[in-house]
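Asker: Sequence:
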Amino acid sequence: MTVVPDVMANAGGVVVSYFQWVQNLQHFRWQKPKSTSGWRGSCATHTRRLSNRASEGGVPLRVAAFEVGIERVREASEARGYMP
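Sequential numbering of the sequence shown, starting at 1, is according to this note's numbering.
Calculated from the structure, these hints are not laboratory results.
Quantities reported herein were computed from a predicted structural model and do not represent experimental measurements.
The beta-carbon is built from N, C-alpha and C at its ideal position, and this holds for glycine as well.
Certain hints may be false.
Claimed, not checked - Derived DEER-like restraints, expressed as beta-carbon distance ranges:
1. V16 / S51: 17 to 25 Å
2. V3 / F28: 33 to 41 Å
3. P60 / L25: 30 to 38 Å
4. R74 / N10: 16 to 24 Å
Let's have the full structure, built from the sequences with the hints guiding it.
Answerer: Structure follows, in structure tokens:
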């Protein structure tokens, strides 16, 4: 049985909130198919990434989610010049 970690399960709501924010910035509404396909694509991509990380590292999905999250924060911090 696969147990989906809370950080993965909650991510869908975060992604949808982001898409809503983008819509508001652009001052128009996306049609349902566009917002749904964006959400599904994003979730599918990240689910595969976490699943691969968990399999390769022999760790649970929750640990893989934290590893990937920390890497993404590090990469963003380096890109912004916060870290050498």
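Asker: Hint by hint, which ones does this structure get wrong, listed from lowest number up?
Answerer: none
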